[in-house]
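> Mind assembling these two chains? They're in different frames, but the hints should get you there.
Just so you know, the protein sequences line up as chains A and B, in that order.
Under full-length UniProt numbering, the first residue of the first sequence carries the number 1, and numbering increases by one thereafter.
Under full-length UniProt numbering, the first residue of the second sequence carries the number 1, and numbering increases by one thereafter.
Hints listed in this document are in silico derivations from the structure and should not be mistaken for laboratory results.
Take the hints with a grain of salt, since some may be wrong.
To be verified - The list that follows gives simulated cross-link-like pairs (lysine-lysine, DSS-like), each with its CA atoms no further than 27 Å apart: (1) K236(A) to K75(B); (2) K55(B) to K121(A); (3) K56(B) to K141(A).
Stated by the list, open to error - If you anchor each label on the Cβ, the simulated ranges turn out as follows: (4) K93(B) to S55(A): 37 to 47 Å; (5) E178(A) to R23(B): 28 to 38 Å; (6) K262(A) to D30(B): 45 to 55 Å; (7) N300(A) to I80(B): 43 to 53 Å; (8) S105(B) to T290(A): 38 to 48 Å; (9) K257(A) to K93(B): 47 to 57 Å; (10) S45(B) to N345(A): 56 to 66 Å; (11) D68(B) to L98(A): 22 to 32 Å.
We put the beta carbon where it would ideally sit given N, CA and C, even for glycine.
Listed below, chain by chain, are the residues.
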Amino acid sequence: MKKVAVVGYGNTKFTKDELPIESLLLESTKQVFDTTKNLSQDLIDGVIVSTNDNSKYLGAILSELSGIKPKISHTVEHLCSSGANAAISGFSYIASGLVDTVLVTGADKIGNPGQILEWDKSRGEFDHPIYWASMFTKAHKRQFSTTEEELAIVSAKNHKQAMDNPNAYSHKPYTISEIMNSKNVTDDLRILDCSYSCSGSSSILLTSEETAKKFTDEPIWISGIGQKTNSASFMKNELTTSSSSVISANDAYKMAKITSQKIDIAEIHDAFSVCELMAVEDLSLTEKNTSASYVRNLFNTEDRKINPRGGLIGAGHPLGATGISQIVEITQQLQNKAKKRQISNAKKGLVHNMSAAATSSTVLILES
Amino acid sequence: MNKFETELKIGNFVTSECSHCNRIVWPPSDYCDNCFKAVNWRKVSQIGTIIELSKKENDVFCITEFEDKIRVMGKLDAEINMAKPGQTVRLSKCLLNNKNSFFFSLEEIKEILEK
Numbered sequence: 001m002k003k004v005a006v007v008g009y010g011n012t013k014f015t016k017d018e019l020p021i022e023s024l025l026l027e028s029t030k031q032v033f034d035t036t037k038n039l040s041q042d043l044i045d046g047v048i049v050s051t052n053d054n055s056k057y058l059g060a061i062l063s064e065l066s067g068i069k070p071k072i073s074h075t076v077e078h079l080c081s082s083g084a085n086a087a088i089s090g091f092s093y094i095a096s097g098l099v100d101t102v103l104v105t106g107a108d109k110i111g112n113p114g115q116i117l118e119w120d121k122s123r124g125e126f127d128h129p130i131y132w133a134s135m136f137t138k139a140h141k142r143q144f145s146t147t148e149e150e151l152a153i154v155s156a157k158n159h160k161q162a163m164d165n166p167n168a169y170s171h172k173p174y175t176i177s178e179i180m181n182s183k184n185v186t187d188d189l190r191i192l193d194c195s196y197s198c199s200g201s202s203s204i205l206l207t208s209e210e211t212a213k214k215f216t217d218e219p220i221w222i223s224g225i226g227q228k229t230n231s232a233s234f235m236k237n238e239l240t241t242s243s244s245s246v247i248s249a250n251d252a253y254k255m256a257k258i259t260s261q262k263i264d265i266a267e268i269h270d271a272f273s274v275c276e277l278m279a280v281e282d283l284s285l286t287e288k289n290t291s292a293s294y295v296r297n298l299f300n301t302e303d304r305k306i307n308p309r310g311g312l313i314g315a316g317h318p319l320g321a322t323g324i325s326q327i328v329e330i331t332q333q334l335q336n337k338a339k340k341r342q343i344s345n346a347k348k349g350l351v352h353n354m355s356a357a358a359t360s361s362t363v364l365i366l367e368s
Numbered sequence: 001m002n003k004f005e006t007e008l009k010i011g012n013f014v015t016s017e018c019s020h021c022n023r024i025v026w027p028p029s030d031y032c033d034n035c036f037k038a039v040n041w042r043k044v045s046q047i048g049t050i051i052e053l054s055k056k057e058n059d060v061f062c063i064t065e066f067e068d069k070i071r072v073m074g075k076l077d078a079e080i081n082m083a084k085p086g087q088t089v090r091l092s093k094c095l096l097n098n099k100n101s102f103f104f105s106l107e108e109i110k111e112i113l114e115k
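Isolated chain B, as found in the complex (with noise of 0.2 Å):
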């Protein structure tokens, strides 16, 4: 298991990034994959955009990308009309058991202004 995973499992999202070429390291990985350096980790913000989303059953599930660079899929607590690409959500939960799974809320622009 990586970091990422093990992060993961105790419920943190964090990256890989190296420090020497000022880049994320995104899929996560031990080495940059750029000057092939070790690579540090750190939290990724809370803070995502939707790309992109769909419905199945009761499930709406979306891409987020997270600091420009970081893009994962989802569970969006939101209903399907309420929610579209651009818009502004924050990672509410994020955990591993058999399979990683990520879940979104809809942000207030106002509240991350505020913060």
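The following block holds chain A by itself, in its conformation from the complex (with noise of 0.2 Å):
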């Protein structure tokens, strides 16, 4: 199998607006182009586009709009973890020696259609994301006693992290006491818990071990992958720990060859706040039963070890997008280019995302 890195990357800023998916798309595109050294369209001989658009044919379109004429180009959905699958498609069409470079680009608007899965009839009236989320938040306080507060400092950090991170949705610092006393969504719920939908666009470039210098002279190298669907349907979920998460996540330990002490920074899928405590003692970041403290202990020394641009809560959430914008946050820490975000000497680094109450992960280990 091929090594593949990433060699190139591009961010729009996730915002409010309702633009056109394709203006999106290419949006980020163009920073790839503007941004990679010796990168011309007849490089690229795959485009690979992520989304929960209804559009159709967007790998066709973004490759048109690009002037790129691609072997390969389609378009991948798995609701919100659909970008690192996206960037899974990529990386396996390389390392198969199918292709030799290829573009993966991601991108949802404002209120896109990934939030609901309709085909879930267990979820009855309650399928919104929220409902799922005050189950998990509810057995998670019952279970370990977690507090309120301990749920807000995830939400106070990745906001205050997601102020230097120019593409973020938030720029708007909250105190633990703003985040408590947010408007309740539910009663195991505040607003400030929630991450928001918004619109984004991010792309990755990949490409193999052969043809990385040519673009770049820091390529990352994806060398550890893991994705474990459970289940659509969220009703087989245990409620204080994901599955797919530990499974993913020891996969991709395994393939990389490191355990996860050797993780110096992690983008981790924090949908809600509740997310980023499970996730970080699934991901086996920290022991079981002391997420919270660990947080905390991220909070009150400004360690950006863990969503060092914000998290989904700070960055904002448009859904095919995220997952490559994780991606690139971490290619930027391992390449020392995350300028005020920069966390010291990451070498190794964590990408969890996660789709549909983590009936499905998605874990990538990227290295310098």
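Next comes the structure, spelled out in structure tokens:
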């Protein structure tokens, strides 16, 4: 299997703006061309679009708008983890030798249809993500005595970190008290514990080891991949742990031949505050039943190890772009190019992208 | 519209079941997810167990499990502080309009034993 590297990237600002999906896709793609040395259209032989948008044929449309005539072009949809899964498709095409260089671009518009899975009849009328998030949160409180303050710290930390992300949806810091006193969405969920579905686009350029140096002096290697889908319906879940995250992380660590202790930085799928508390344990970044104290310590010491770009809560959640934006952030961190967000001496990073109430999770390990 | 939905529309909560594998097939499907033989359809027990619950405005909502396998989310006709996980509930109503809806009420243990 060939080695595969991230050698270029682009990100739009995440906003409330109602923009055409094609314009969003093109915007982050243009940035890839603007910032990647020696890149020309004829060198890209794969174009993969990640989105939940209902528009059709977007892989071909983005190719045409970008002047690319790829060997392989299509769309990947997997709800909130479409982005990381599109990256896996690009990785696989290159690793197999089918193509050499792939553009992976994700985008979604505010109010995109990917928030609701109509097929899942077991959710009844409670089909919006706030309802499963309330179940997760209540169960976490019950099992681990998690407090409202501990949940609010996740949001306070991620909003604060988003301040240094120029592309983030939110640039407003919130105190723990403001978050705890923000509007009740349900008895167990505050509005500031929720990520916000918004408009945005992110792109990465993937290529083989043979070609990587043509585009960058600092290729970032995708060394581990894990993806686990337990179900599509919410109703088979445990409520305080995501087994799809546990399994996908273990597979990714195994493929990368590392343990969780080697991870210097991680982008985690904090769709809601409780998700970050669950994930840091499920990914073995901290011991079981220590997530709240672990995140509190990160917040108190201003350690940006988890969600340096502000997570989904701070940066916003344009579903199809999120996983790719997470990969861009880890790439920048490992290249020491994350500016104010930069943590010191980052060598190995992790991306955790999840969908539909943790029924499916994807984990990538990246290394410099 | 599949069998689950046509029955729900007339107020019946049904599940698919594989007589070959002797197991409930849930979420509802036309074929067994183990052997791919065609399923049978039957009514689900009216008595279930609360798995977790919360509240939005005046509505208490919960995950309820029936027959140790079938979980659905619905509205609970009770004060939030009167209910907790593990408690027994009865399916009081189910329907399908634009979306499907399930309604539960708290069940006294004594009443269940008498039935």
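> Return the numbers of the hints above that this structure violates; sort them in rising order.
Violated hints: 5, 7, 11; rest satisfied.
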